[in-house]
Amino acid sequence: MRFKMRSLSFSLAALAVLWTGWAPDAAAAPKGFLETIHRHAMVASTSPGNGDLNPYAIFLVPQDMGVLKKDEVLVTNFNNISNLQGTGTTIIAYSPVTKTSRLFASAPANLAACPGGIGFTTAMTILKSGWVIVGSTPSKDGTTGTKGDGCLLVFDSNGKFTEAWKGPLITGPWGDIASIDNGDTAVLFISMAAAGLPAPDVRDPVTHYPPILHNATVLRFNLHIPPGQAPVLDKQTVIASGFAGRADRDNFLFGPTGLALDTDGTLYVTDGYDEEVTAIDNAVNRTEPVTRQNDAVGRIITKGGLLNWPLAMIWVPGHHLLVANGRNGQVVEIDPDAKKQIYAQWIDSDQAQQPPGNGDLFGLAMTPDNRGFYYVEDDMNTLNVSLP
Amino acid sequence: MVNLGNAAAAGEESSQGVFGFLDNWKRSANLLGNMWGLRSELGKAGLVLAVQETSEVFGNPAGGMRRGADYDGLTVAVLQMNTQRAFGWYGGTFQVSMEQVHGRNLSADNLDAYQTISGIEADRSTRLWELWFDQKLLDQQALDIKIGQQSLDQEWMVSSNALVFANTMFGWPMVPSADLPGGGPAYPLSALGARAKYWITTPLYVQAGIFSGSPAHDTSGDAQQSNRSGTSFVLNRGIMAIMEFQYVYPGLGAMVSPDEGEALSRIYRIGGWYDSEPFADQYWDNTGTPLASPDSSGIALTHRGAFSFYAVADQMLWRSHVDPNRTFNVFGRVMGTPQADRVPIDFSMNFGFTFKDPLPYRQDDTLGLAMGYTHVSSALGNYDRAVHKYSGAYSPAQGGETYIELMYQCQMTGWLQLQPDFQYIFNPSGGVPNPLHPERRIGNIAVLGLRSNIAF
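Heads up: the sequence lines are chains U and Z, in that order. Under the working numbering, the first residue of the first sequence carries the number 1, and numbering increases by one thereafter. Under the working numbering, the first residue of the second sequence carries the number 1001, and numbering increases by one thereafter.
Each hint should be verified, as a subset may be incorrect.
[Unchecked claim] Derived contacts from chain U toward chain Z, CB cut-off under 10 Å, selection only:
1) ASN83
2) ASP262
3) GLY304
4) PRO336
For the record, the hints were derived by calculation from the structure and aren't laboratory data. The beta-carbon is built from N, C-alpha and C at its ideal position, and this holds for glycine as well.
Make a model of the complete structure from these sequences and hints.
Here it is, written out as structure tokens:
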């Protein structure tokens, strides 16, 4: 009987390999990072005591600072307990040591410096100096119909709110923050996705969907950080404009989200609605914005294919980019030099969504050893990890 | 099914006065929002409360025993505890659910069809439904064990695409409904037992369970009546053993090549069950005489145990490039047993299509067309012939019954669905005489209905 059971297990495993239809050649050199990833596990809930939902940004704590410990993971929440988008006010911290999450910081639902309220997005970073900067694109009713312009909020490393930045160019801080952090100075890149978007019930009479606008931008922020004091915003520069934006009843909005800076100063951007990754050259020093031409802002690195509402984007080993798909549960690996998609992997196969994992994935962050990555599952309000 | 996700997303707007929950009624996932603070207080203890009312009116303008319309409804309350949030115990879930069935059943009153038109039709009652604890174990939560009072229609032989339809047989199929004692441990009943689900490897799962062989102590009458409160907790009626293999694509960790076509999700299941209860022969009595004979003892020959096999497939056929929420899906389910001597139904099947997001920017709506077929066992058909032979009464041999269903499920708000529904039943109950007009069969039936689902 035992022999038969072992035989059955072996047969099923063999059958599974055939059914998957994909098996890497054991003798071939790895084409990329994703094929080294084999384990996926939920590590913690991202919903704090006030019931905030919809985890968005993920950022790893680089060193001990304030109440934060090295390698802890910060996660923002975009929704409140009502599940209304653009109303989340909390950042949780996950400790891989205690394997629990706790509230790190929260903002009042209304701040004078934050037009429209508070709703934390995928824009978050931690500076070496310990300051946490997070973007807010708020709403009153969970739709772009009541959307405010939002702001950038600064917290200290103890989770205490310090100040907020707003201004005419800050129109919905939305996507990942790419940065150069020199300690006493820093350069941040943040996408602004919400300018001019109407309510999701406003339809284009031809398509019957909300109209597509091309108002979204990427801003460069130049900061200096006086010793022991909060960062000072010196300069804001639009370095790219004309990305696609569209309101959406279920997804709040589509807009540029993933930002990843290369060592040569090239900024890669995921343009969600157009389903492409583009490159903004000389992003660090550029004074004039790259504008939309031929349905793209910047050089197209890759378009369509496995990309399916590309959102967050991070660097992975091999100088490749990893992109989270918003409309299915896949992450896509891209070689930006070769301008090609390597492959994708399902990291959320929740069949309750159609397609599986639709609307579940947002933020990404590499694990400290650079061998795996964290991701959030929006449907479960959890932080997950993928490992070799 | 009650949407626990909706409940978890309940709002706190109700704190703004007694009617504060109405402030955002268009966007709220629950009509009563935070239930005046109750849900958030429960949430602090890791508890989620979901209450859903399904109400419907169905009528048969043509066919059936008689014509008319009935209202029926079901209120289900589910309380679920996440033990990690409640007290730091990783991977545990505790659930208790109650049901309150109200109204009348059109199928029983007017139709006399095997495949009843609504999955919520049941005897009027207020009862405990499920009471179980689920624990996830091993790396990547590969093993999942659930122990307690369980309703098997929740996770066995399920077709996810079929669940949107109203007819009962798109949920718990006809074979176990008709053949198992008391209809089996499925809505509105449940049974004590345990099941384990194990992730063998991507994309294969296996789940196996053992449950009480009957959901009620008394199986000679109506199990719903003999277990009215749902608290019989039957353990002395033999066993029901069941096993199911599931192939799931996409599986967690599955790789996708850029030159592959569109990833179309699919789930295939195969399984079987065995119930050790006694099963009555459909033709012979305990003396070897046909039951229809005037010489029969009237006591059926009994057989020890019965089994059945099944297969279920859900397959996405197409997905729009413009709007990926727009998908076209097919499902099919077949189930049968070779033991036609001891069961009234030896085969049943469902087949149908769902079109999600069928109209522009209606991402949460579903249009569906499907059918069901069931076959009366040959032994029961022979019994019908024997009745005619021995009594001379009009007693045509029962054969197959078929129905089709066309429906549109419309998500009106986050908490309200409306579902107009049309069903047509061919050869009701396989062609039995009309009890009101015993000289002719029940005519084919047209049914129109409107169902609403409200998440409180």
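Now for the hints, and whether the structure bears them out:
Hint status for ASN83 of chain U: holds, given a least beta-carbon distance of 3 Å to chain Z, under 10 Å. The restraint placing ASP262 of chain U at the interface with chain Z is violated, with a minimum CB-CB distance near 22 Å, outside the 10 Å limit. A least Cβ separation of about 9 Å between GLY304 of chain U and chain Z falls short of the 10 Å threshold, and the interface hint therefore holds. Contact between PRO336 of chain U and chain Z, as hinted, is not supported at the beta carbon level, the nearest pair being about 15 Å apart and thus beyond 10 Å.
Checked against the numbered hints listed earlier, the structure breaks hints 2 and 4; every other hint is satisfied.
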